[in-house]
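Engineer: For reference, the chains in residue letters:
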Amino acid sequence: MFENIDPSIFLVILPEILLLVLVGLVLLFDILWKGSKGRNLGWLTVAGIGVILIATFILARPGDESRLVWGGMLRHDWLGFIFTIIFLFGAGITALFAMEVPHLGHRGEFYLLMLITTVGMSFMASAADLIMLYLAIETASIPLYILAGFFKTEDKSTESGFKYLLFGALSSAVMLYGFSLLYGFSGTTDIYALAQGLLAGELSLVLLLGPLVFVLVGFGFKISMVPFHFWAPDVYEGAPTPVAGFLSTASKAAGFAVLMRFLLAAFPETMPYWSVTIAILATASMTLGNVLAISQKNIKRLLAYSSIAHAGYALIGVAAATTFGITAAIFYLVVYVITNLAAFGIVAAFSRVANSEEISEYAGLSRRSPGFSWAILITFLSLAGMPPLGGFIAKVLVFAAAMEANLVWLAVVGVINSIFGLYYYLIVLKVVFLYRSEDEGKPFPITRTYNLAFAVLIFGIILLGTVFAPWFAWSGTAALALF
Amino acid sequence: MQFPILSVIVLTPAITGILILLIPGERKSEIRVAALAASAVAMLLSFWVYFSYDISAGGYQFVEKYDWLPSLGISYHLGIDGISAPLVLLTGVVMFTGVLISWGIDDRPREFFALLFILATGVFGVFVALDLFGLFFFYEIAVFPMYLLIAIWGWKVTREYAAMKLTLYLFIGSVIALVGALAIYFKSDLNTFNMLLLEQVNFDPEFQKFWFPFVFFGFAILGGIFPFHNWSPDGHVAAPTAVSMFHAGVLMKLGAFAALRVGIMLLPEGATYHMPWIILLALVNVLYGAFIAMVQTDFKYVIGFSSVSHMGLVLIGFATLNREGLIGAGVQMFSHGIMTALFFAVVGMVYDQVHTREIPKLGGFVKAMPWVAVAFIIGGLVSMGMPGFSGFIAEFPIFMGLWRYQPWIAILAAISIVITASYIIRVTGRVFFGKIPQEFRDHTKDVTVLDKVALVLLCTILIAIGIFPRLMVPLVESGANNILRLLGG
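Heads up: the protein sequence lines correspond to chains A and B, in order.
Each residue of the first sequence is one higher than the one before, starting from 1 at the first, in the working numbering.
Each residue of the second sequence is one higher than the one before, starting from 484 at the first, in the working numbering.
Accuracy of the hints is not assured; some may be wrong.
What the hints assert, rightly or not - Facing chain A, from chain B, some residues (calculated, C-beta under 8 Å):
| hint | residue |
| --- | --- |
| 1 | ILE506 |
| 2 | SER554 |
| 3 | GLY556 |
| 4 | TRP586 |
| 5 | PHE627 |
| 6 | ALA634 |
| 7 | ILE655 |
| 8 | ILE659 |
| 9 | LEU661 |
| 10 | LEU665 |
| 11 | LEU673 |
| 12 | ASP781 |
| 13 | TYR784 |
| 14 | TYR888 |
| 15 | PRO890 |
| 16 | VAL936 |
Hint data in this document are derived by calculation from the structure and do not stem from the laboratory.
Where a beta carbon is used, it is the ideal one built from N, C-alpha and C, also for glycine.
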């Protein structure tokens, strides 16, 4: 019965298959290595992800033509491919950061859950069917609920996991209701067929806009877009730091992949309506995120609000809804993922030594550990959008996309927001470089895994900010897959 | 292929900055020597570029062009003309003297020089950029190191406030200008950020009128235009000496230069339309800055406000949009840059000895620090526009240009010369002559040899330009002709 199946479709889901193999290996070695050697699971995960990245690059690259595979469940195109690479990269770096964290890095369950989430995200990025999409989102979300509450004995972590679960379940339910309405109106669960029905005039626009709003709730939750952002600061603050980093980067990127595909593939005709909506939501996310970040005392909460704001910047590109706009949004996400992973890595490395997440505790750091302070400087300036770092190019591109789409007001809102952004990032840098503290003389040990991860990320931030042509070309290819 | 000398000038500071960071922090003298060597190289190369620019050929020379992001028409495109060549030289000189004067910095000199050099790369980059994107790229590089330089090594009382104020002002300006630049890019439909091509586009007059203020004021904030000037005295005062020199000497020129290059040269009709009230604002700069300088009791604030006043003359020169005005403004950028660097160096030297800048508490330093006193007097003569000094070569054409535009404005602006003379003479008298106060008498020492080298270099340039205007005026004239061609004159 299988003779009709083209074996190449297995290559399409090669990263997912390999991830599941890795999950099996982690599970196996977790039992075999019980005891003191537990830390090796981290290296196993990192090495495994490295192998998967290489294999994906060589074997699973999509052709020039996008195609639907697995009975229309998945679409094999550059968008899915590039986002899969992003997720794998994020998972690998997160594993490096987590290895040294007590009560986290030695636990096999952590790596297991993170890899399963990555499988889910990877399917999210290429899902072309409502059912598949929902399954992928849930596969990605449920392990994240557990990860956020991983420190069972800490109240904050438990609260974080529970809060994330409640918000997630609710928005997921609303989204599912939206999906069911869409199915009810159109009789199909295929996203691309939905668009054709719309184009042929079989479906009424008004009827579709309602469900679209419901669906946006679910996606908005994933990318922590205002007004579905309330969970982010509390969850980031309570969750183990590497998990918070993973949530704010890979998970958010996955949400964006779905959002862009869904809006552009299923609702091309209603573009004028949702484009304005997204522009308004982008404004709200940027403004609220940046304004609330200013008064934060806890570095993780600051990064949470800043990540809400960054979702807003990336949404500018989506709101432009042109090829250039989507290219800019994808480029923005690539830069953001790398930079924000570095930011959370810094928090993790610092709290490992100083056991604190208060910004004021960072005082005197530039005398205590100059190299680490420069890593902070580069990371935060990239978040603020300063050259020659990735963040600058990313911001210029999204603003340019807004200008190109004649959304001058949105570009102006964006640049004004980047001023607020600069303000609070500079405040952190001021604490690091200017203020004195009694701990200056103490050593500041940074372990090998952190050094490795920082080297990769800082190199990436500078590379994206100086030699940006190849990455821009890639983002462009991914964006073209949607049009 | 010719030797990429501009790239070498632009990148030498940044690469040195990174290398300095690799030296262990406690080996301070090696760090200083490395910094001095790199800045000497950058200065000598900028002298070489300045003197080998071929005036008879004109146009952009030493051009380098490589694709950066071809799909959006972004290229790494450098070149200099008659307006930017003096500014490159200015940056080289101020950087070198700044390093000499910062020899005594003992708190983390490694970080200090690294940040100062990253800043220098940004500044050099803006002056030689021929690509609009590249210009922004370097411009923003010049903004952020300022924050840390002022906040960490600045005057303890106001440094945090002044550093944040300055950074936010400049960043606001640059992002507003960025929006304008993007509008120009998309309107041209050429898919290029190449300013030489964008200059040739005759944008629709309505478009030019609307977008000109965005671009011009976005950059002119850094040039200190009224009413967006008030970051500048605070910033200058709070900054450590070398940074004040860089800041008032070079960075304010960066703003004026970018306003000229992007605002006036890309949107000439917009410039013509908005010219009258820009002249009025700049006139306020000139007079108001001078009056405020007159009543300051803090030595450094006097110089800070005098910068506001003199930068007003630069902006007025540009805004006249005629030949004399442009030549004068071009020379004034250079002359004021060197002069104000000299002033801030002097203030820093005095402050290092006595730890106060209150003019009434000072006096009689001519005996203890004769070199410093002479340098200040030379700077003062430049500032007043005395013939024989570079200030005259710069200011005289500006007033001529202004006269051609509207005689009564020229007369009003010329009042500033009198006010300038009054505050310079007052400060000279109070600080350097008279009786030295008892408390400073015993422990006031003369400055070091390195400081003297810096002072002599700066003074020599000011006098050389004053006596031999041919060293600079024909060069600037060739640049001004290029602008006049765009203005259709």
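Engineer: Need the list of violated hint numbers for this structure, in ascending order.
Structural biologist: 1, 3, 4, 11, 12, 13, 14, 15 and 16
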